[in-house]
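With the hints as constraints, model all of the structure from the sequences given.
Here is what each chain is made of, one letter per residue.
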Amino acid sequence: MVTLERQNIYGWPVILDLFFAGAGASLYLLGYVLHLLKTTTSLIYFFSGLGLVAVGTFFLLWDITIRRRIVFLLANPRSWTTIGTWAISFFLLCGIIYLATFSFPLLPKGLRNLTGIISTVTSLLIMLYPGFLISSIKAVPLWYTPLTPLLFFSVNLTSGLATTLLVALYVAEPLSLISGLERATMICLCFQLILLFLFLLPGTRNDAATKESLRQLRASHFFLKIALLGGFLPLFLFLKGNNSFAILGIIFVLTGGLYLRYGIINAGVYLPRFEL
Amino acid sequence: MVIDLKKCIGCHTCTIACKVKNGTKPGIFWNIVLDQERGTYPLVKRTFIPRPCMHCQKAPCIEVCPTRASYRTEEGIVLIDENKCLGCKQCMVACPYGARYLNEAKGGYFTGTVTPAEELLYSKRPRGIVEKCNFCASDIEEGKEPFCVTTCPLRARTFGNLQDPESEVASLLAVRGGFNLLAELQTEPSVFYLL
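Residue numbers (the numbering used here), protein chains in the order written: chain A, 7 to 282; chain B, 59 to 253.
No lab work stands behind these hints: they were computed from the structure. Any given hint could turn out to be false.
With a straight-line Cα cutoff of 16 Å, these simulated EDC-like cross-link-like pairs (lysine to aspartate or glutamate) come out [said to hold, decoys possible]:
(1) K182/B with E140/B
(2) K116/B with E132/B
(3) K79/B with E177/B
(4) K77/B with E176/B
(5) K147/B with E121/B
(6) K144/A with E121/B
(7) K103/B with E281/A
(8) K144/A with D213/A
(9) K116/B with E133/B
(10) K164/B with E177/B
(11) K144/A with E246/B
(12) K144/A with E242/B
(13) K79/B with D197/B
(14) K147/B with D69/A
What follows is the structure, encoded as structure tokens:
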């Protein structure tokens with residue numbers, strides 16, 4: 007008899023970190039792109055992005071038992087956790103300095119450019135590293151696939167676009183920008199659903215652990231819930247072309263993104279450890 | 059380490075000996091014995107599989123550890139530096155054998171109290187860090203064998219230097235073969251099993 011164990015080490019703090027930090031970093035990156043394209047002058051995108059990453063970092067720290075040693079997290083450049091910690095540290099530091107250069111015009115212009123570029127590059131790293139970290143775990147075959155980084159990046163980008171749209175609606179940006187963001191969110195949402203569908207196909211992964219992971223996901227109607235509530239429903243709401251519907255659509259996109267992370271993390275089943 | 063599954067009768071002496079020696083808290087097992095049933099009635103076979111840390115030569119726990127608290131000694135033993143570990147649990151997720159545990163329990167084995175013996179043993183184990191089998195590294199330094207090896211009543215375990223062709227472990231593997239658990243993951247465990 008084969009005994010299969012589901013991972014129970016990554017819990018809600020990690021899932022909430024993935025959600026907040028992923029969406030926040032993506033929001034910051036998109037805010038920077040909008041500034042580069044001169045389609046907005048509002049700094050709220052940067053503030054919100056930094057805030058969300060800070061919330062995510064809080065949950066990450068919550069999950070660590072000896073927090074006074076967090077500086078040790080920077081020690082192993084071969085570990086994705088270390089790469090992520092460096093990225094978050096530089097992002098928060100440079101992001102704060104970048105925003106400060108707008109409040110203190112006497113600060114050199116070069117500092118603004120430098121911190122702007124560093125914080126944007128690190129925001130991209132924050133979006134990318136969780137997927138690579140999870141996909142490096144060979145013992146959990148559901149995660150150990152090149153699709154995992156792509157899926158996590160795509161879900162981060164979609165959550166970030168939805169949050170950017172929410173901020174754009176809040177600051178009453180021009181209609182052209184709002185409809186552009188809506189279109190981009192819809193395209194990313196479709197891309198994310200296709201990726202999730204491919205991710206959940208057994209394909210060449212015929213091992214007992216992947217089968218058990220997929221069985222658990224099927225039992226909870228995971229794909230159906232994501233596709234309907236986090237996919238088709240928000241698409242329908244965005245197509246209505248009304249701000250109230252768009253806000254409702256954003257809420258569904260974000261909830262779907264959170265549920266997707268929860269589902270994938272919780273469905274991680276280890277290879278049968280002691281099969282003779 | 060070489061474990062002869064034909065000799066193991068599932069008495070759990072190694073599990074208890076390990077707990078007594080290392081003073082691990084409830085729910086933490088540096089060594090466990092798994093019970094596996096194969097086949098269907100009437101052709102059923104029962105095998106006991108003792109599971110210490112595999113001390114992999116390509117240990118995933120060392121690769122993912124962001125603090126470098128997990129490390130390998132020159133002798134090939136994977137250890138945890140208690141002063142560097144912060145309990146991020148990445149190594150626990152990465153270990154394919156489930157051999158790592160977070161020490162966070164407060165109580166002892168008896169409800170509502172911690173006995174003086176438990177208090178003494180638990181004081182050696184700092185809370186909030188990850189723990190696992192260390193092959194009784196301090197005993198090995200003194201030329202002794204790990205406690206689970208010396209206490210096994212059936213002498214199912216043999217400990218030695220796998221690199222030395224004259225050693226007992228090397229000759230056992232040469233004569234009877236031997237296999238690793240989850241060898242397909244290419245972690246190169248230092249614990250071999252004989253069937």
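Checked against the structure, which of the hints given earlier come out wrong? When the structure is compared with the hints, none of them turns out to be violated.
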